[in-house]
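The chain contents come next:
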Amino acid sequence: MNRESSRPAARPKGARRGAMLAVDVPPRRWRGVLGIGAFIAIWYVAARYIGDTATLATPWAVLDRFVTMTYKPFAGSTLEGHLLASLGRFGAGFGLSVVVGIPLGLAMGWFRYLEAVVKPIFNVLRFIAPIAWVPFAVLWFGTGYGGPVLIIFAGAFPACVIGAYGGARLADARLLEAARMLGAKSLRILLSVILPSAVPSIVSALRVAAGNAWQSLVGAELIVASSGIAYIMVRGQMNRTIVIVLTGMLAIGLVGLLLDWLFGRFERFVQRRLGAAAV
Amino acid sequence: MRPASAWRLRAVSILSIAAWLVLWWLATDVMGWIDAIRFPDPRTFLESLRQISFGTYAGGDLLKHVATSSWLVVRGFLLAVAIGLALGLLISLSAFWRDVLSPIFNFLRPVPPLAWIPLALLWFGLGDNSKLFVMALAASIPLVINTTTGVAQIDRTLLAAARVNGARGWIWLWHVILPGAMPHIAIGLRLALQTSWTVIVAAELLGAIWGVGRVLTAAKDDVYPGMIVVGMVTVAVLGVASSLLLGWAEGRLMRWRAR
Numbered sequence: 000m001n002r003e004s005s006r007p008a009a010r011p012k013g014a015r016r017g018a019m020l021a022v023d024v025p026p027r028r029w030r031g032v033l034g035i036g037a038f039i040a041i042w043y044v045a046a047r048y049i050g051d052t053a054t055l056a057t058p059w060a061v062l063d064r065f066v067t068m069t070y071k072p073f074a075g076s077t078l079e080g081h082l083l084a085s086l087g088r089f090g091a092g093f094g095l096s097v098v099v100g101i102p103l104g105l106a107m108g109w110f111r112y113l114e115a116v117v118k119p120i121f122n123v124l125r126f127i128a129p130i131a132w133v134p135f136a137v138l139w140f141g142t143g144y145g146g147p148v149l150i151i152f153a154g155a156f157p158a159c160v161i162g163a164y165g166g167a168r169l170a171d172a173r174l175l176e177a178a179r180m181l182g183a184k185s186l187r188i189l190l191s192v193i194l195p196s197a198v199p200s201i202v203s204a205l206r207v208a209a210g211n212a213w214q215s216l217v218g219a220e221l222i223v224a225s226s227g228i229a230y231i232m233v234r235g236q237m238n239r240t241i242v243i244v245l246t247g248m249l250a251i252g253l254v255g256l257l258l259d260w261l262f263g264r265f266e267r268f269v270q271r272r273l274g275a276a277a278v
Numbered sequence: 000m001r002p003a004s005a006w007r008l009r010a011v012s013i014l015s016i017a018a019w020l021v022l023w024w025l026a027t028d029v030m031g032w033i034d035a036i037r038f039p040d041p042r043t044f045l046e047s048l049r050q051i052s053f054g055t056y057a058g059g060d061l062l063k064h065v066a067t068s069s070w071l072v073v074r075g076f077l078l079a080v081a082i083g084l085a086l087g088l089l090i091s092l093s094a095f096w097r098d099v100l101s102p103i104f105n106f107l108r109p110v111p112p113l114a115w116i117p118l119a120l121l122w123f124g125l126g127d128n129s130k131l132f133v134m135a136l137a138a139s140i141p142l143v144i145n146t147t148t149g150v151a152q153i154d155r156t157l158l159a160a161a162r163v164n165g166a167r168g169w170i171w172l173w174h175v176i177l178p179g180a181m182p183h184i185a186i187g188l189r190l191a192l193q194t195s196w197t198v199i200v201a202a203e204l205l206g207a208i209w210g211v212g213r214v215l216t217a218a219k220d221d222v223y224p225g226m227i228v229v230g231m232v233t234v235a236v237l238g239v240a241s242s243l244l245l246g247w248a249e250g251r252l253m254r255w256r257a258r
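Quick mapping for you: the protein sequence lines, in order, are chains A and B. Anchor point for the first sequence: position 152 equals 151 in numbering that gives the first Met the number 0, and the numbering is continuous, going up by one each time. Anchor point for the second sequence: position 17 equals 16 in numbering that gives the first Met the number 0, and the numbering is continuous, going up by one each time.
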């Protein structure tokens, strides 16, 4: 064997080198560094060039404000205080949608008559954008705590119901028949056959619902609240100081990322446990 | 599942809609369980609908508000489609641009669409441009993601066959890549449309002269539950109608998939 044969065969002239799609090409780290570097450089230069506090602030100014706000109160509270208010609303709205939505979805997947009664109205309500609940949220529950919670609930609820309903419909017909033949009552079947088979679908739905809830929270706080992480941006916009708006966006993005990561971890954890249990 | 005949279930479904309507009427009008200041009775709702359809409310009639919002959504959606498809295809086809752009994209993506509104208001003011900016930005994100997923899952054998037969440039893009990625792009389009409506309603709630969101704000400020319901129903109907329209357009574009 000569040395030449270990090299790749010569390509016909004119043929492109490598794969046809970018996915099939391994990534190169330095290009990513180049991209993000160029992005930050352009941002910095643009901010310095414009030099208008209402239009753009440098990345450093944003980071600096982010750190400053953790100990110096703005709009009534420090960043952690606002974050806590937001997470409280998030927890209440999201928790409520889980507690109501998942049992409802499971029951809809099992009791056909309940499905027939609830599904039409659910499909109508689902098409109303969560943010369109703002007027009733204010009218019924005020602008402090309850109003935003209703909007968050409206954002997360459909995903919870659909996830549990879809999961319940996936239950193995043979298991259901076996359970029924062995004399299990409806409620027993719901708890010991339908619920376990719906768990993977529910856990995935929770992640989607959490994302929707976070997104609705931002909308709710922009419009009706007077505290919270998105309210910071409203104040920044009213004062025409972009650095505060950008700081708010940074905080919202980071917390959203963290929530998604946590729910993703949870999803994988449950999948692993179920995989182990199935063996 | 439990044995239940299909026609019986359908009958229950139809009856249930009627029952919900009757329940609404009973709760608000006949029995008075719900205060008229909290939720309107059917008659007030129809009255409000008539008022805004034939008279004016919040600076215009229903047609004016619906036309304003719809026209914004059409423009914003098309902008998002153009940006999202172009960026998605660029990232899918060029490894260089994928490597350069995806960190920036991943840096901006966690910011929810509505969180761009204050920034847009500072940059573009209260007019149409700020709304178009947020829609173009927020609604293009699902399109970028779904276009790249769509292209990534195209059968490599088909791609190689097309290559061997000399597909290049425009033909490669238009007859091979785009049709192959279309099923996923369709999902992206649906999400983009939904995002556009959410953004426009939120942006109009924060400030607008006409539009569906403007009706909702005015009704909220006037404590006018009948008009609030009219606004919400309008939002829902517009959402359903536009997604039906999108489905119809997809059917026309993807004829090969229909059968």
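No wet-lab data here; the hints were simulated from the structure. It should be emphasised that the depicted structure is a prediction, and the values quoted were computed from it without experimental measurement. It is possible that part of the hints are untrue.
What follows is a list of derived Cβ distance ranges for each label pair [claimed, not checked]:
1. B/Met253 with A/Arg125: 22 to 32 Å
2. B/Arg251 with A/Ala45: 14 to 24 Å
3. B/Met253 with A/Asp63: 44 to 54 Å
4. A/Glu176 with B/Asn164: 22 to 32 Å
5. B/Leu45 with A/Lys118: 23 to 33 Å
6. B/Leu25 with A/Leu124: 18 to 28 Å
7. A/Leu256 with B/Trp247: 53 to 63 Å
8. A/Glu176 with B/Ala5: 15 to 25 Å
9. B/Ile170 with A/Thr67: 27 to 37 Å
10. B/Leu14 with A/Leu256: 42 to 52 Å
11. A/Ser225 with B/Gly124: 21 to 31 Å
Each residue gets a CB set at the ideal place from its N, CA and C atoms; glycine is no exception.
Hints, one by one, checked against the model:
1. Between methionine 253 of chain B and arginine 125 of chain A the CB atoms are about 25 Å apart, so this pair conforms to the stated range of 22 to 32 Å.
2. For arginine 251 of chain B paired with alanine 45 of chain A, a C-beta distance near 42 Å fails the hint of 14 to 24 Å.
3. Between methionine 253 of chain B and aspartate 63 of chain A the CB atoms are about 51 Å apart, so this pair conforms to the stated range of 44 to 54 Å.
4. Look at glutamate 176 of chain A against asparagine 164 of chain B: about 52 Å separates their beta carbons, and that is not inside 22 to 32 Å.
5. The hint said 23 to 33 Å for the Cβ distance between leucine 45 of chain B and lysine 118 of chain A, and at roughly 26 Å that hint holds.
6. Between leucine 25 of chain B and leucine 124 of chain A, the C-beta spacing of about 19 Å keeps the proposed range 18 to 28 Å intact.
7. For the hinted restraint 53 to 63 Å between leucine 256 of chain A and tryptophan 247 of chain B, the CB-CB distance of approximately 37 Å leaves it violated.
8. Under the hint 15 to 25 Å, the C-beta atoms of glutamate 176 of chain A and alanine 5 of chain B, about 20 Å apart, fit the expected range.
9. Distance hint check: the CB atoms of isoleucine 170 of chain B and threonine 67 of chain A are about 56 Å apart, inconsistent with the given range 27 to 37 Å.
10. At roughly 47 Å, the beta-carbon separation of leucine 14 of chain B and leucine 256 of chain A lies within the given 42 to 52 Å, and the hint holds.
11. For the hinted restraint 21 to 31 Å between serine 225 of chain A and glycine 124 of chain B, the CB-CB distance of approximately 24 Å keeps it satisfied.
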